[in-house]
Structures are given as structure tokens and as C-alpha cells.
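J.: So the chains spell out like this:
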Amino acid sequence: MYAFLWRHLPGPVYAKVLIALVAAALIVVLLFGWIFPWIEPLMPFSGNTVSQ
Amino acid sequence: MWAERARTAIRSVGEILITLGVVLFLFCAYQLFYTNVIADEAMRSEVSDLHKLWAAQPPTPRSAGSTTPVGLGPFDTADSRGTSGAAFAILHIPRLGDKSIPVLQGTSLDLLGRGVGHYKDSALPGRVGNFAVAGHRKTHGEPFRYLDEMRAGDLIVVETADTWYTYREDRDPFIVDPTDLAVVAPVPDHPGETPSQKLITLTTCNPWWASTQRMIVNGTLIAQQPRSAGEPPALTVNTPKFQ
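Keeping their order, the protein sequence lines are chains A and B.
Numbering follows my numbering, with no gaps: position 29 of the first sequence is 29.
Numbering follows my numbering, with no gaps: position 2 of the second sequence is 54.
Don't read these hints as lab results, they were simulated from the structure.
Glycine included, each C-beta is placed from N, C-alpha and C at the ideal position.
The reader is advised that the hints may include incorrect statements.
As the list claims (entries may be wrong) - Listed below are several chain B residues computed to face chain A (Cβ distance under 7 Å; list not exhaustive):
{"id": "1", "residue": "84"}
{"id": "2", "residue": "85"}
{"id": "3", "residue": "88"}
{"id": "4", "residue": "232"}
Unchecked claim - To list a few chain A residues with every Cβ distance to chain B over 10 Å, as calculated:
{"id": "5", "residue": "1"}
{"id": "6", "residue": "8"}
{"id": "7", "residue": "11"}
{"id": "8", "residue": "25"}
{"id": "9", "residue": "28"}
{"id": "10", "residue": "44"}
To be verified - Across the chosen pairs, the derived CB separations fall in these ranges:
{"id": "11", "chain 1": "A", "residue 1": "28", "chain 2": "B", "residue 2": "149", "range": "30 to 38 Å"}
{"id": "12", "chain 1": "B", "residue 1": "149", "chain 2": "A", "residue 2": "45", "range": "39 to 47 Å"}
{"id": "13", "chain 1": "A", "residue 1": "27", "chain 2": "B", "residue 2": "264", "range": "54 to 62 Å"}
{"id": "14", "chain 1": "A", "residue 1": "44", "chain 2": "B", "residue 2": "279", "range": "55 to 63 Å"}
{"id": "15", "chain 1": "A", "residue 1": "33", "chain 2": "B", "residue 2": "61", "range": "46 to 54 Å"}
{"id": "16", "chain 1": "A", "residue 1": "19", "chain 2": "B", "residue 2": "61", "range": "19 to 27 Å"}
{"id": "17", "chain 1": "B", "residue 1": "89", "chain 2": "A", "residue 2": "19", "range": "27 to 35 Å"}
{"id": "18", "chain 1": "A", "residue 1": "29", "chain 2": "B", "residue 2": "239", "range": "29 to 37 Å"}
{"id": "19", "chain 1": "A", "residue 1": "25", "chain 2": "B", "residue 2": "245", "range": "54 to 62 Å"}
{"id": "20", "chain 1": "A", "residue 1": "5", "chain 2": "B", "residue 2": "103", "range": "33 to 41 Å"}
{"id": "21", "chain 1": "A", "residue 1": "9", "chain 2": "B", "residue 2": "231", "range": "52 to 60 Å"}
{"id": "22", "chain 1": "B", "residue 1": "65", "chain 2": "A", "residue 2": "43", "range": "47 to 55 Å"}
{"id": "23", "chain 1": "A", "residue 1": "9", "chain 2": "B", "residue 2": "261", "range": "35 to 43 Å"}
{"id": "24", "chain 1": "B", "residue 1": "92", "chain 2": "A", "residue 2": "4", "range": "21 to 29 Å"}
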């Protein structure tokens, strides 16, 4: 999978490295900013209130 | 040739599994560290906004001889329903450190990331009834992380626009089922009865991580003084601390 992605990144090696790092950073931002906050309430460990 | 293909397939499966492992690790980092960073910042800003608001609008002077506190603004209503999500008080628990914890109206999860939440139907601080508040035990600032270290006799201070309320914990923290609504009733354990005492109830999850139970702390109002009189003794006297 990663070998396939690496082959399809454009440019010389340093450009590939740069693109890969930026893509990884974007994915982390996406995870922390949107995906994890969305998953979190579905997890069973955040109940603090008494309710029915 | 097929052997080459099989190797590629197996390698891809391995890479996907490693990727999932990294994502799970990141989720742990998010829960353990990132939510606390965000929530601590949000709580600090809620507290400083409240202080600014209270400084800008001095509470209405109370009528002579009246014992009921006034001046809670939009929350000064009989049934305690106010604007959802707005902070209206600050909780101080000397046993748990010097943290100022904002109290917001409502107990939905998104609010608990900015402070602790006031059960909307419960009484307001200092009123007859049960001032009930929920907070995170773990993650999102974890204001009630060490609630289990509180002991009967510990003091809980609630700061509002015009008054300091000091409650004393009645008994050591205890555990109930998540569905035990009676703990936040005006008369705890006796839903429907008319209250005569001024109580406070803190709820949080138990045990850490698995919120299969709720941990409860109860207290009774023992003192109150106007904000102008300065911090109550509970905050200035060197009380026993955990941590």
C-alpha cells in the first residue's frame, strides 16, 4: 500500500518526502479536529450524569 | 508470479493493520492529553469571562432583611431553567486543589468539556433543594478526577455573581447506578418530596475509563457571605489537600 502510494507521488525524492509529511500532518489534524470528537461520544467511557 | 502477488497482498494487510494501530494510538493521545489541553483552556476562559461579567455588572443590592439571594441574572428563576450552555457559577474544592471550575447550565457532553454541568431541573446554589452538578472524571479537563479522595467534612465552595456559598460534605463519596436519578432529586433518595435543606450533589463516572457506575458526593450549605466580603474561610484557611 505505502509502496504503491510512494510510487505515485510526483517529483524527486525530497518532494515526495515533503508531500508525504504534509499529507500525514493533514490526516492527524483531520483525526484530532473532526473524526475523534465524532467517535468519542459513541465510546462507552464518557458518562458522568445520572439519567434514565 | 502468484507468489509475488501473495506477498504484496500480505504486505498490504500488514500495512493496514499497522496504520490502524497508529490511529488507535493517536486516539489514546487525543483522549489522554489533547482533550485536557482544550478543556483546561476553555475552563480558564469561562472563568475569566465570568469574572469580567461580574465585575462589569455589579449585582443588584439585596433588599434589607431578605435572606434569599438575588442577582443571578438569567438564572434567577423559580425552576432554575436558564440559558443552556452559559456559565453562571464557579466551583472551588480545596481538597482537589486550587482549580476554579466553571459551572455551566446543562449537562450535555459538549458542555462538560468546558466546565462542570448543572442539572437544569435542580436547584440553584444557595437555594432550598439540591444544587446538582456533573463533571468528567477522566479526559476533558477531568475536574472530578480525584473525587474519590474527598472525605466527609470537606468543604465545597460555590462562587456566584453576588455570593460565596460554602457547603460541607455529608459523607464519604459513594457509588450508585447510572440510572439512579434519585441522587439529584430535591430531597436525595426521596424524589417528589418537598425539600427543606440546601444541598449540593456532585456526580461523576466510576470507575476511571469504564463509566458503568456513578460516584456521588453530597453536601449541605453551612455558610454564605456576599462577594464583597472576600473569599470565604474555606478558601483562605489551609485545608487538607490531595495531590
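J.: What are the numbers of the hints that this structure violates, sorted from low to high?
T.: Numbers 1, 2, 3, 5, 9, 10, 12, 13, 14, 15, 18, 20, 22 and 24 - these are the hints that the structure violates, sorted from lowest upward.
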